[in-house]
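Work out the full structure, taking the sequences as your base and the hints as a guide.
Each protein sequence line maps, in turn, to chains X and V.
Convert by adding 83 to the 1-based position in the first sequence; the result is the number in our numbering.
Convert by adding 214 to the 1-based position in the second sequence; the result is the number in our numbering.
Simulated from the structure, these hints should not be mistaken for laboratory data.
Note that beta-carbon positions come from the ideal geometry of N, C-alpha and C, so glycine has one too.
Mixed in with the good hints there might be a few duds.
[Unchecked claim] Pair ranges (Cβ atoms, derived): (1) P168(X) - R283(V): 30 to 36 Å; (2) R524(X) - G232(V): 49 to 55 Å; (3) D415(V) - P341(X): 49 to 55 Å; (4) A208(X) - C284(V): 52 to 58 Å; (5) R538(X) - D415(V): 47 to 53 Å; (6) R524(X) - D415(V): 36 to 42 Å; (7) P168(X) - R288(V): 17 to 23 Å; (8) R283(V) - G212(X): 54 to 60 Å; (9) P168(X) - T405(V): 41 to 47 Å; (10) S256(V) - A96(X): 37 to 43 Å; (11) R352(V) - E522(X): 32 to 38 Å; (12) R538(X) - T534(V): 54 to 60 Å; (13) S256(V) - R517(X): 55 to 61 Å.
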Amino acid sequence: MRERAGSTAAAVALTVLAVAVVVVPLVELGRVVPAGGSAALTRVLHSPGFGSAAAHSGELAVLVPAVAVPVGTGLALVLRRPDVPCRGLLRLLIVLPLLVPQFVLGYSWSQAYGRGGFSQQLLGAHWAGLNGAVGVVVVLVVDAVPLCFLISSAALAVRAQPQLEQAARVSGAGWWACTRTVTLPMLRPVLAAEVVITAVAALESFAVPQVLGTPAGYQTMTTRVYADLALGSDPALFTDAVVLSLALVVLVALVVLPSDVLLAPRLRTAPAPSPAGPAGPSRRGPPGMLVACVIGAYCVVVALVPTAAIVLAAVTRAVGRAPTPSNWTLDNFRAALDAPTRAAIGHSLELAALAALILTVLGVSAAALGRRGWGRLLGTVVIAPFAIPGSALAVGLLIAYDRRIGGTLALILLAYLAKFWALAHRTLSGAVDRVPPDESRAAHTSGAGPLATARTIWLPALTPALVGAGLLVFVSALHEVTMSSLLYSTGNETLAVAVLNSQELGEVPTTAALSVVLTAMLLVAAVPAWLAMVLARRRRAASQPVWSAVEVADAR
Amino acid sequence: MPGEPPAVECRELSVNYGRTPALEAVTLTVARGELVAVLGASGSGKSTLLHAIAGLVPPARGEVWLSGRCVATRQRCDPAERRDIGLVFQNIALWPHLTALDTVAYPLRRARHSRRDSNAQAQQLLERLGIGHLADRRPGELSGGQQQRVGLARALARSPVAFLLDEPTAHLDTHLRAAFQASVRDRRAETGAAALYATHDASEALALADRVAVLVDGRMVQVGVPELVYAEPVSAAAAELTGAFTVVTATVAAAGPAQVSVDLGSGPMIVAGGGLRLGPDPVVARVLLRPDWVVVPGEVPGRVVVSAFRGAHTDYQFETDIGAVHAQLPGPPRLAVGAPVTWGFARAWVLPVEAARRAEPIRLTPAR
Chain X
84 MRERAGSTAA AVALTVLAVA VVVVPLVELG RVVPAGGSAA LTRVLHSPGF
134 GSAAAHSGEL AVLVPAVAVP VGTGLALVLR RPDVPCRGLL RLLIVLPLLV
184 PQFVLGYSWS QAYGRGGFSQ QLLGAHWAGL NGAVGVVVVL VVDAVPLCFL
234 ISSAALAVRA QPQLEQAARV SGAGWWACTR TVTLPMLRPV LAAEVVITAV
284 AALESFAVPQ VLGTPAGYQT MTTRVYADLA LGSDPALFTD AVVLSLALVV
334 LVALVVLPSD VLLAPRLRTA PAPSPAGPAG PSRRGPPGML VACVIGAYCV
384 VVALVPTAAI VLAAVTRAVG RAPTPSNWTL DNFRAALDAP TRAAIGHSLE
434 LAALAALILT VLGVSAAALG RRGWGRLLGT VVIAPFAIPG SALAVGLLIA
484 YDRRIGGTLA LILLAYLAKF WALAHRTLSG AVDRVPPDES RAAHTSGAGP
534 LATARTIWLP ALTPALVGAG LLVFVSALHE VTMSSLLYST GNETLAVAVL
584 NSQELGEVPT TAALSVVLTA MLLVAAVPAW LAMVLARRRR AASQPVWSAV
634 EVADAR
Chain V
215 MPGEPPAVEC RELSVNYGRT PALEAVTLTV ARGELVAVLG ASGSGKSTLL
265 HAIAGLVPPA RGEVWLSGRC VATRQRCDPA ERRDIGLVFQ NIALWPHLTA
315 LDTVAYPLRR ARHSRRDSNA QAQQLLERLG IGHLADRRPG ELSGGQQQRV
365 GLARALARSP VAFLLDEPTA HLDTHLRAAF QASVRDRRAE TGAAALYATH
415 DASEALALAD RVAVLVDGRM VQVGVPELVY AEPVSAAAAE LTGAFTVVTA
465 TVAAAGPAQV SVDLGSGPMI VAGGGLRLGP DPVVARVLLR PDWVVVPGEV
515 PGRVVVSAFR GAHTDYQFET DIGAVHAQLP GPPRLAVGAP VTWGFARAWV
565 LPVEAARRAE PIRLTPAR
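What follows is the structure, encoded as structure tokens:
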């Protein structure tokens, strides 16, 4: 009975916390508008800036998925072909931009292809359209492609059963006909989910439009919220920000809710993975070498050149000098890493580590409550903020808690907890679900109490997920700039905010140096995560019974 | 028809998965209109052989010929879509997003038939297999037997030179199995196409096939008519695939045409049978006895230790001085467990010496 009382207490505590960080900000956001009067609402809705910002956000939400989903899925499809050389390296290069914060990605593109950038120094040409609608769309697509690639690759491994494709080929379908009539239709629900995810990400995106769009006067709803709040304490501007935030929530809800209702059941019924590899030795289509070259060129243009450009900008003595070894220096790093910035790095690490620790504990507790009744409700509440745009969540938290903890790091921490709880929850509840219930029953019947079962059965099974969830939250918190930039106060910056501010001041070498530092910190966090994943996979492969290899061979 | 090229021909065909050999130098010819059963344990390379003929795996060595055309060598391998074959998959492999009609029309559409024409032909095929009324259903709405018939119709739709059936009845109940086998027989009689039928089920292979090809560990150890493969297996491993048996050690010698002299220690007995490379001089060898060759009463003493009633016949196990012996006698049980018995045999098959030695450990391990 003591156990029951403990779990009830945990459920109550978790619910109170979830309500405080998720429900209260949204309610407050909704309450401000009627308080400001319908006149303010009409004024904001009819102001010329609002219409264009909404239109720009809308066009991003349409154009980014329209390009990113086909590109990501196309890459996943061709990289399944065994005749493409260097597949492992190409996969890594495609996924690598996931580690680069959106802000750094946008800034590195402007350093690579913008006015006075790398391409101008090297070839005497720059891309005039980079600052503006086209540039924002292109860089957001580049940012979204790795995720689409990962989701499509995983779906191809699980859903596209090799036998179904073999059946098509034996029925006379070539590579393209097979892809069109069998492979892609099997992926349909996953592709739809990708469209929703990338559309929401585009609506939410702040850093890329801020870096590439704002200088050219291209405003989206998120950059306008930032501009409204950055310009000081004008109550009219604050109302404007609140209305924009609410409109953003409504827009996202319009995308997410119907698709969730339509898609969720179809995504849940994933067929059992099949052990064999992809079908067919001699696929038709372009030769593997050509495919590898095209993908390689894509990786060079979208990832390697911008990375090189920002690294060179960071080590070059001054803007305008040629980025040759004679002009290299580490002075930019020394100058950039002054006392306030070092403090900002400390804040970032502190916040990210705290968020990772707290959310790992909360995630396990919530997962332990199970999937029925209260646990399920709690799951829905903590997942929701992931679809709520960061700008709106930040404005809501500002209204709800500014008077008590405004301007402190605690407010930013609260924002991180709200936003990233979903990441920890999804990862950990998934891992908990995968542990067969019979394993703990077997431990109980072998005489293990609740604690011994937790230590001997659950902990070993959940360790990779715990590490993974913690690192996921840590990396996302280091990335975060949308909410941080709205909630920080002087002396309480995070590193990402410091980079944003230095970019707005136009300090190219400092910004570049800080971007490199920020990305390097992420790499340091990501390498152990990657290693842990590889080790876990290897261990799983080694523990498979020998006869399964025979079965696989025969099934093929 | 003499002079006509065989429908399927494998010449010294070898397939590797990575460094693991899956098929080694398999040579097999299937004539037009012939049904060859590929009999083997799981993991013996049955699916690999079918997939190599279909073009789903490339050969490491050797060649595949279809209707007198070379479709696969080590250097050049026509993809599956360019080969004129129909494949029925072990796990059926119906596309979840297509209806039965669309599934059967699929190969016709790929062959650039018009949609109306394809649908009409597909409907006709479904009608002939007795599932015309299920044309609008997706795989999720069909039973196992119905799904397998849709899979068969899809393979038939291409009117191929050869059908490849990969354990098509493995997931079917016994009564559906018979129905499916009947529809394979009927359709093949209609089209006159060749067929390769992979199975691990001896009764299915012996009943359906014109010839049986026995695969052991990726090697084709014996090909012949079902009666031959049953009565004169080349090794204990091959014998095991076609049914139960007992191996006893005896002094043997050829005793005339299709007759063999077997001495179990109590004097020679002349029975029907023979052996590979068996001469008139007596040698000690291992002798294979099928349960249905055992007769009661006979000259050899023993004791009944197991009796199992199977309906049409009864299986016994006798304990004797030369080891345990399996016997199958018609009718209900008439020998009590524990009772003494005398037995003999109407037929015996002498295993080749080296094959017997090599095969012994396989006989003692139960089938995987």
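Hints, one by one, checked against the model:
A hinted range of 30 to 36 Å holds for the C-beta pair P168(X) and R283(V), which are about 31 Å apart. The hinted range of 49 to 55 Å is not satisfied by R524(X) and G232(V), whose Cβ atoms lie roughly 39 Å apart. At roughly 51 Å, the beta-carbon separation of D415(V) and P341(X) lies within the given 49 to 55 Å, and the hint holds. Between A208(X) and C284(V) the beta carbon distance is about 54 Å. The supplied range of 52 to 58 Å therefore holds.
With their beta carbons about 49 Å apart, R538(X) and D415(V) fall inside the hinted range of 47 to 53 Å. Distance hint check for R524(X) and D415(V): the Cβ-Cβ separation is about 37 Å, which falls inside the suggested range of 36 to 42 Å. For P168(X) paired with R288(V), a C-beta distance near 21 Å keeps the hint of 17 to 23 Å intact. Checking the proposed 54 to 60 Å range against R283(V) and G212(X) shows it holds: the Cβ atoms sit about 55 Å from each other.
Remark: the range hint 41 to 47 Å for P168(X) to T405(V) is upheld by a beta-carbon distance near 43 Å. As the Cβ distance of S256(V) to A96(X) is approximately 54 Å, the hint placing it in 37 to 43 Å is violated. For the pair R352(V) and E522(X), the beta carbons lie near 36 Å from each other, so the given range of 32 to 38 Å is met. Roughly 58 Å separates the CB atoms of R538(X) and T534(V), a value that falls within the hinted 54 to 60 Å.
Remark: the range hint 55 to 61 Å for S256(V) to R517(X) is contradicted by a beta-carbon distance near 28 Å.
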